[in-house]
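Full structure from sequences and hints, please.
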Amino acid sequence: MSAISATAVAEAPPTPEPAIRAGSGSKVLAWMVVFGGLIYFFTPLVATGQRSFFAIRDTFGFEAYRRILTDPTFIDTFTLSVVNAVLTIVLSLIVIVPTAYWVALKMPRLRSVIEFITLLPFVIPAVVLVFGLLRMYGPPPLSLLNSSTSTRVILICAYAALSFPYMYRAVDNGLRAINIRTLTEAAQSLGATWPTIIWRVIFPNLKVALLSGALLTFAIVIGELTIALYLGQHTFGPYMADLVRNKVSEPAALTVLSFAFTWIAMGIISYLTRRQPSSKKRGKR
Amino acid sequence: MSFLVLDRVRKDFAGKAAVEDFNLEVDAGEFVAFLGPSGCGKTTTLRMIAGFERPTNGRISIGGRDITNARPNERNVGMVFQSYALFPNMTVGQNVGFGLKLKNVAREETHSRVAELLELIHLPDKDDSYPHELSGGQQQRVALARALAIRPQVLLLDEPLSALDAKIRDELRTEIRRIQRQLSITTIYVTHDQEEAMALSDRVVVMSRGVMEQVGPPFQIYNYPETRFVASFVGKLNQISGSVIDAKTVQCDDDRLQTTTPIEESPGTAVNVMVRPEELDLGAGEENQLNGVVESVNFLGAIVRVRITRGEQMITADLFNERLLELPEVGDNVTISFPAHACWVMKAN
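Quick note, the sequences are listed as chains A and B, same order. Numbering-wise (numbering that gives the first Met the number 0), the first sequence opens with residue 0 and increments by one. Numbering-wise (numbering that gives the first Met the number 0), the second sequence opens with residue 0 and increments by one.
Be a bit skeptical, because a hint or two may be false.
In silico contact screen, one side only, chain B against chain A (beta carbon under 7 Å); selected entries [stated by the list, open to error]:
hint, residue
1, Phe51
2, Met78
3, Ser82
4, Phe86
5, Gly98
Using C-beta positions, here's what the derived DEER-type ranges look like [as the list claims (entries may be wrong)]:
hint, chain 1, residue 1, chain 2, residue 2, range
6, A, Phe202, B, Thr173, 33 to 41 Å
7, B, Arg64, A, Trp262, 55 to 63 Å
8, B, Arg64, A, Asn172, 37 to 45 Å
9, A, Ser23, B, Thr173, 55 to 63 Å
10, B, Asn297, A, Trp30, 53 to 61 Å
11, B, Asn297, A, Arg175, 41 to 49 Å
12, A, Phe202, B, Arg64, 27 to 35 Å
13, B, Glu73, A, Arg108, 23 to 31 Å
14, B, Arg106, A, Arg108, 39 to 47 Å
15, A, Ala240, B, Glu73, 56 to 64 Å
16, B, Thr67, A, Phe202, 26 to 34 Å
These aren't lab readings, by the way, just hints derived from the structure by calculation. The beta carbon of each residue, even a glycine, is placed where N, CA and C say it ideally should be.
Here it is as structure tokens:
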């Protein structure tokens, strides 16, 4: 019996060796791709950073950052954009969460239709959207672009529409990750009304999804240029465009700040995702 | 007077009946199981009691109150789901206390009720755990406690053990029955597992294609099935073809089989003689006996399953295991026997 086993082992094809060789080759290729990617992504950033730190010729320093952070126009436009972004997020959540929840719960067949509708801002360029807004709301009888308040409302509504693809996707993914039908029915059988279910069962379980959607919306609104420019709003986007046309080091400093801000936001999402109880491993059987 | 009443309840989906003419009266504190294959309408009926589906026709009442059109949150019915459905963002204590909080029960009372229920389900130290930190069996216990917290008039369980391992399923089954008896709560239990239905319930409702086939205690359902579906769905069954000779005798090829249950069909009618595998014995008997060839012998622990071919027919005999049992060999010619009271006759398909 042992002789048969020994023969079988001796005649077995030496498969492990080529496998190892192929593995080391692919490892080298993988590292080359990683290095290529790092160079591609980081070279512009390093160059931008370097430009931002040399606002005064041949002198390393934070002059460009100081100039930006002390510029009253920066503070005004940035504050305005932050407020716009927050209002856009609130509006977007009010529209998207109940819609996505209701569609997922009661009309799952309409999911693809709603998804298509929310994708329209990708298909319609911002410039087309803004001309549509100007034609629709500018002339009488609506004449909503005559006052700065109503123009700002139009701007926020337009931003909410722009955020739909991101917000809907984030919310829909969050809803797919939890069994909303059963959770809803469980809450109903315990005496919960619709607002209670949405507020105390659905919302807390979508925390990470909502945060992702909100941060993406924030990023879009903060830097948005086209719509703000055509609606005559002095937000952060037009300010940055103006800065790029007239300054050298300050736009670079703004870019670095935006980059740092994005990474902090991503870090927050990642941290909260790890802390979310529902994102952890499901219960053992 | 019955506590839960379903009166001529019907539910259509896209014009097709999922449940038809469903009539059932359940007494207070009774445990009733809805048993049937997938798509038989048992879960739809349960969901109509819970209020998640509205009946197309008929009336449902609990404790004399018509709840046919009441919303689910107005029914005071506790529900346990197959997938546990615990709120992932809440701790065990918060899950159990959720319904009480909605009813504006005082904080101290909620605390003591949650503690009492966690004691009842043998998880007193899991108050601060999150659902994902519990095993499936523990999660289902918490789901049961949460459903019981609101002191529901009726407890509904929708295949609550289907997602669990066999061992945990057995343990939890016993727990559910203990708690139900302790609280004397009227319970409806949906399952496709006949053993579960028979082990747990006072009465079983066997359903097929949206229709109630038979209602009765497990013993009656198993031993005195009223329809061919119940006879074949609940337990294993041998169906031996033959033709009626008289009110007590059937001719099956060369053998004559006797039954004590009167045969309603007229002489010459093609029928099946129905007999459970555990009623059969190997060897000659005093009443009915048949000859055949052993096709397989499967040792299953407590029982030994012997399959015997008899012409084109296959007959299964379940023999109770004992140390002195002499097992037949495959290919042996054997005689099997059963008493006349063990079989009954149904018209052939």
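Practice prompt. Starting from the hint list further up, note which numbers the structure goes against and sort them upward.
Written response: none
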